[in-house]
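Asks: Chains as they are written, first to last, in the working numbering: chain A, 44 to 270; chain B, 68 to 122; chain C, 32 to 352.
Derived from the structure by calculation, the hints contain no laboratory data. It cannot be assumed that every hint is accurate.
What the hints assert, rightly or not - Example chain C residues on the side facing chain B (calculated, C-beta under 8 angstroms, incomplete):
1. ASN277
2. GLY280
3. ILE293
4. ILE335
5. ILE339
Stated by the list, open to error - Per the computed footprint, the stretches of chain A lying under chain C, defined by three or more beta-carbons under 8 angstroms from a beta-carbon of chain C, are:
6. 75–81
7. 95–104
8. 129–136
9. 171–179
10. 186–194
Ideal Cβ placement from N, Cα and C applies to all residues, glycine included.
The residues making up each chain are set out below.
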Amino acid sequence: MSIREERKTEPVEEYYTWTGKARGWLLKHLPADKLLPQDQPSYVASWIYVFGMGAIVSLVFILVSGVVLSLNGPAWYHVSDFGHFVNSVHLWSVELFFMTMVVHLWGKYWMAAWRGGRTLTWITGMGAFLVSIVAAFTGYLLQTNFDSQWIAFEGKDALNASGIGAWFNVANLGQIFGFHIVLLPLAVGAVVALHVILVRMHGVVPPIDAAETDAQLSGPDRTEATR
Amino acid sequence: MHPLISYFASLDSPGVYLGWGAFQIQLGNLIVILVMILLFVLALFLPFPSGKKRP
Amino acid sequence: MSAPTMSRSDRDGLARRPWRGTVREYDLFKELTVALVVVGLVIVGLSAIFGSPDEPSVTLKSWAQAEPADFVATATAELGGTSETAGYGPPYNTTADATQTIGAFDLQSFSGVQLPIDTAKDLVITPLTTLNAPPSAALDAWNAASDTEKTDWTAAYTDALTNAPDGDPAQVVTGDYGPVPVLTDALLTMASQGALDGVLNAQQSFYNNDYTRTILFLGDGAYFGDLATAAHLTGDQWGMMNETGNTPGQSWLWLFSFWYQIEPFASAPNADLLVVLLMLVLSVLLTLVPFIPGLRDIPRWIPIHRLIWRDYYKKRAAGRG
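Build the full structure now, drawing on both the sequences and the hints.
Replies: What follows is the structure in structure tokens.
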């Protein structure tokens, strides 16, 4: 108990368990004011910054409409007007997801947003894009209509030629269903979550050629900034 | 519904395809790509409302 | 230290540490809420106006009824082992030299025959044995025949069908086709009555979620491919990125589809393997752009960032002036 009391009086908390060290690491790298900020650097003032959020929100609509579709099975939308509308919402949220994600990607490329230790943020963003393409492909296979029949027939060749088709069989609806409603959404969700956490950890990349002497850097902590 | 919209919205209407030699694109896909480019250009040029500045 | 003499790592240092300059108010949750409303309205609006396509699927039944001659020709090819599926190689069968390779690099063979399909047995003979009144004499004759006899019969019947008006089996000249005409005609009847779809899909069981055999059988005929061509869905029509009608499809596959349209890919026997590997390399390159000199410097050379951060650069110029 005396140790505890001593700890309390210490200015810096000591982490001596895995859990504690993890907490310490998180508190250091992702403090609450970084995770849920109330302000952003003044250079974050362009419409190009809204497309990441657009993609996340589109993903929310994909997930919600996808859950409704999966609750009723892949053949439901053929026979139900409401089901067909939910299917339309699912399709159009996917289209908007890719549109906003691609504009976001273009913007981040031209900002060279990987600077200053943000390479993993770029890589996870690309990961989200590539995994989403696979997820969308399996969705097209689940349409259970002429389009999905043909995509299964046509798509098998590229997969077979690369040796994947034996285990990822596009004509096996049960297999594709599992991939589309469980594995790939989890993968997309995980990569996007990691991407967003990394964005919050590192903050928004400063303008190219921003320099210490810029007046806009003369904030209250200017003295610290110059080291 | 506007007849043009109903034409393109109709599931029965055959797709419109535009092509230049080996390049061939379905109208729906072309519109999606053009809209993306338009959004990108608008995002670059449209003035962003100035937020409240804090010291 | 003044800005112009700064090395890149120094500038990166500024990007690396938390921003200590001027800030503007930013409300993450408000942006999230506004985005949910705006994007939600756009999605619901697009869905209400344009809906989504749902071109009905084709069945072996609809094929047999619409194009009986094509169906019989395809069934003959399945019997004789001359169909596309029969000669596909892994993962369906062991046909020699059928795989797509680059030199000795042969991923298709490496995967092995994981989804074995014997086209004569699985697509024709076994389904016929499930009939209430199977063509027993023809089935017995087929099962008792040597491989050479089977090949000769199917080859002769294929030629005869090709020469018959409209490929009509009823107008084939007499010849030595063995039991083949009886078998294919029985399969046609079975298919046009709708029984073959169920038998092929169910594979002697109640439940099934695997449509591999039916899809491959459909694809071996001309009917399925003709429908796809009419809907602009085939590979040489940029088909992978297209959806039926005017609804946008997987436009993000444009580059993947593009390679199939140009040489050397368009006429390469191993086009699929080449395109997959090329797209893999390009995807890795784009993912690793931050590490690739040249590619990572283009944003400096083409200063689109001057537009994005124009306020910042303007204020800086004013501050210096």
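Asks: Does each hint hold? Answer for all of them.
Replies: Going through the hints against the structure:
no., hint, verdict
1, ASN277, "5 angstroms, holds"
2, GLY280, "6 angstroms, holds"
3, ILE293, "6 angstroms, holds"
4, ILE335, "7 angstroms, holds"
5, ILE339, "6 angstroms, holds"
6, 75–81, "holds (count 3)"
7, 95–104, "holds (count 7)"
8, 129–136, "holds (count 7)"
9, 171–179, "holds (count 3)"
10, 186–194, "holds (count 9)"
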